[in-house]
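Q: Given next are the chains, with one letter for each unit.
There are 2 protein chains.
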Amino acid sequence: MRVGYYQYRPQFGKVSHNLNKVVKKLGSAAADLIVLPELAFTGYYFRNKAEVKALAEDPGRSVTVDTLTALCKKQNFRIVTGFTEKARDKYFNSALLIGPRGVEHVYRKLHLFNEEKKWFDEGNIPLQVNRIGPVRIGIMVCFDWVFPEVTRTLALQGADIICHPSNLVLGYCQQTMLTRCLENKVYAITTNRFGYDNRPQGNLRFTGRSQIVAPGGTLIHRAASQREELFIMDIDPRLARDKSITPHNEVLRDRRPEYYKALTQKKGK
Amino acid sequence: MRVGYYQYRPQFGKVSHNLNKVVKKLGSAAADLIVLPELAFTGYYFRNKAEVKALAEDPGRSVTVDTLTALCKKQNFRIVTGFTEKARDKYFNSALLIGPRGVEHVYRKLHLFNEEKKWFDEGNIPLQVNRIGPVRIGIMVCFDWVFPEVTRTLALQGADIICHPSNLVLGYCQQTMLTRCLENKVYAITTNRFGYDNRPQGNLRFTGRSQIVAPGGTLIHRAASQREELFIMDIDPRLARDKSITPHNEVLRDRRPEYYKALTQKKGK
Chain A
1 MRVGYYQYRP QFGKVSHNLN KVVKKLGSAA ADLIVLPELA FTGYYFRNKA EVKALAEDPG
61 RSVTVDTLTA LCKKQNFRIV TGFTEKARDK YFNSALLIGP RGVEHVYRKL HLFNEEKKWF
121 DEGNIPLQVN RIGPVRIGIM VCFDWVFPEV TRTLALQGAD IICHPSNLVL GYCQQTMLTR
181 CLENKVYAIT TNRFGYDNRP QGNLRFTGRS QIVAPGGTLI HRAASQREEL FIMDIDPRLA
241 RDKSITPHNE VLRDRRPEYY KALTQKKGK
Chain B
1 MRVGYYQYRP QFGKVSHNLN KVVKKLGSAA ADLIVLPELA FTGYYFRNKA EVKALAEDPG
61 RSVTVDTLTA LCKKQNFRIV TGFTEKARDK YFNSALLIGP RGVEHVYRKL HLFNEEKKWF
121 DEGNIPLQVN RIGPVRIGIM VCFDWVFPEV TRTLALQGAD IICHPSNLVL GYCQQTMLTR
181 CLENKVYAIT TNRFGYDNRP QGNLRFTGRS QIVAPGGTLI HRAASQREEL FIMDIDPRLA
241 RDKSITPHNE VLRDRRPEYY KALTQKKGK
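Residue numbers (the working numbering), protein chains in the order written: chain A, 1 to 269; chain B, 1 to 269.
Don't read these hints as lab results, they were simulated from the structure. Treat each hint with caution, since some may be false.
As the list claims (entries may be wrong) - Using 30 angstroms as the maximum straight-line C-alpha spacing, the simulated DSS-like pairs for lysine-lysine come out as follows:
| hint | chain 1 | residue 1 | chain 2 | residue 2 |
| --- | --- | --- | --- | --- |
| 1 | A | K117 | B | K243 |
| 2 | B | K117 | A | K243 |
| 3 | B | K118 | A | K261 |
| 4 | A | K266 | B | K261 |
| 5 | A | K261 | B | K266 |
| 6 | A | K261 | B | K25 |
| 7 | A | K90 | B | K261 |
| 8 | B | K117 | A | K261 |
| 9 | A | K118 | B | K261 |
| 10 | B | K243 | A | K90 |
| 11 | A | K49 | A | K117 |
| 12 | A | K117 | B | K261 |
| 13 | B | K118 | A | K243 |
| 14 | A | K118 | B | K243 |
| 15 | B | K261 | A | K86 |
| 16 | A | K49 | B | K243 |
| 17 | B | K261 | A | K243 |
| 18 | A | K243 | B | K90 |
| 19 | A | K21 | A | K117 |
| 20 | B | K74 | A | K261 |
| 21 | A | K266 | B | K243 |
| 22 | A | K243 | B | K266 |
| 23 | B | K86 | A | K261 |
To be verified - Some, not all, of what chain A presents toward chain B, calculated at C-beta under 8 angstroms:
| hint | residue |
| --- | --- |
| 24 | P126 |
| 25 | L127 |
| 26 | E149 |
| 27 | T153 |
| 28 | Y172 |
| 29 | T246 |
Glycine is no exception: its CB is placed at the ideal position from the N, C-alpha and C atoms.
Please take these sequences and the hints and turn them into a complete structure.
A: Spelled out as structure tokens, the structure:
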């Protein structure tokens, strides 16, 4: 299975410019699955909710989605991409799984980062694994990495590959994703953007270093911090079905869920 | 609060020798809490269950526990130590919290590592946080580190410091504990042994590198791989009460437990 990421630098607010850039770059890519960054076409650093409203799209009638669907059809691959989603009167920091026949899944970021809480609504769709042939992929977005529950939930649902569109500004995530892949024995493709969003309210710098990590936590490839890169490689997703960590231990089967009840209790106090 | 670890090399089967070593070393230590390795007095690499039976002690009538209690009383500190526990007809890889008045808590390892499954029974006591004055400590043992649910459960119960007696043979744990302290914003004291258990069935080498990690995932101190070290330092446990990771995010409060239900579902299939 050929998987990859495209690390680039969206320009804030220039949706069609960013879309053209992606279409041009991926227009000759041979792959099965390519992961793009979070909020891949609008840019990230919104000034307020009004800016989100002006740029968000309903995936059901979106030029961006239609264009990406056509690209998937032409190249016969799938894309997981960050997407600034409008859904009636709500706005989500979402990720779409898009294939040759259109959107196959919408994931809405469950854990909003910092000022995103002002701009977006909290995700309201359960974590779910989707199939690409025999391979199962799970989707999470950027700051979800802090919460081990996310990758774990996807792994328990059978995810072989975690697709992880990101706009990272902190520096911890890349290393932490090695832990996620070790403790769940899954692949993870973290696609980060680079460059700045230079906005009236300030500048935000993104840290690049997109990466692909193998089950067991081995870093296979990592991009530079501030350089565009389309990287595609062959992986064997079946390796993610081997959950053993010793001859007598498997990372999922050895769990003791009856002792983890605090994890699903409603927040109190 | 003065906390520390004693990284040493128990000799297999020589309980009183190992106990004397610890008593001598800690007999003049000024501290509030000292963490010892897993199975700190018996050694680790059992040949079979009969060897466990021969060496395990019931904490209620144990020379080891009585001696450590006297040490805690003399020095006015507490010890968290790995302990080869007999409980009626069961045998556990346990950790004891011992203070000047005796055993304050027994934790029984929930996730047995590799051949331990042949020697020990699985832990059957819920994860629980214990107080040392205003400070809350959580206990886990060695391989529990692989399962993010363990540290998370203790953090949700309010643990400020994770005490982590270990006999590590793999090399991943120390780095992963940085992730555990980042994602939960707790301290962790991982006390590992070093040296070999040279046994008829083979030799097992332990990796040392005991460490203290601060909330946020900062490594404060790490021992060498193969050298004895008693290390004690001042920490401010109140830092573990600050769960913020950005001005708008806290690692526990931002959890979305209603989306984590898979984590506590019974194993199926």
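Q: Are the hints correct? Go through all of them and say.
A: Hints and how they fare:
no.: 1; hint: K117/A - K243/B; in the structure: holds, 17 angstroms
no.: 2; hint: K117/B - K243/A; in the structure: holds, 17 angstroms
no.: 3; hint: K118/B - K261/A; in the structure: holds, 27 angstroms
no.: 4; hint: K266/A - K261/B; in the structure: holds, 11 angstroms
no.: 5; hint: K261/A - K266/B; in the structure: holds, 11 angstroms
no.: 6; hint: K261/A - K25/B; in the structure: violated, 40 angstroms
no.: 7; hint: K90/A - K261/B; in the structure: holds, 25 angstroms
no.: 8; hint: K117/B - K261/A; in the structure: holds, 24 angstroms
no.: 9; hint: K118/A - K261/B; in the structure: holds, 27 angstroms
no.: 10; hint: K243/B - K90/A; in the structure: holds, 29 angstroms
no.: 11; hint: K49/A - K117/A; in the structure: holds, 10 angstroms
no.: 12; hint: K117/A - K261/B; in the structure: holds, 24 angstroms
no.: 13; hint: K118/B - K243/A; in the structure: holds, 20 angstroms
no.: 14; hint: K118/A - K243/B; in the structure: holds, 20 angstroms
no.: 15; hint: K261/B - K86/A; in the structure: holds, 27 angstroms
no.: 16; hint: K49/A - K243/B; in the structure: holds, 27 angstroms
no.: 17; hint: K261/B - K243/A; in the structure: holds, 21 angstroms
no.: 18; hint: K243/A - K90/B; in the structure: holds, 29 angstroms
no.: 19; hint: K21/A - K117/A; in the structure: holds, 29 angstroms
no.: 20; hint: K74/B - K261/A; in the structure: violated, 39 angstroms
no.: 21; hint: K266/A - K243/B; in the structure: holds, 18 angstroms
no.: 22; hint: K243/A - K266/B; in the structure: holds, 18 angstroms
no.: 23; hint: K86/B - K261/A; in the structure: holds, 27 angstroms
no.: 24; hint: P126; in the structure: holds, 6 angstroms
no.: 25; hint: L127; in the structure: holds, 6 angstroms
no.: 26; hint: E149; in the structure: holds, 4 angstroms
no.: 27; hint: T153; in the structure: holds, 5 angstroms
no.: 28; hint: Y172; in the structure: holds, 6 angstroms
no.: 29; hint: T246; in the structure: holds, 4 angstroms
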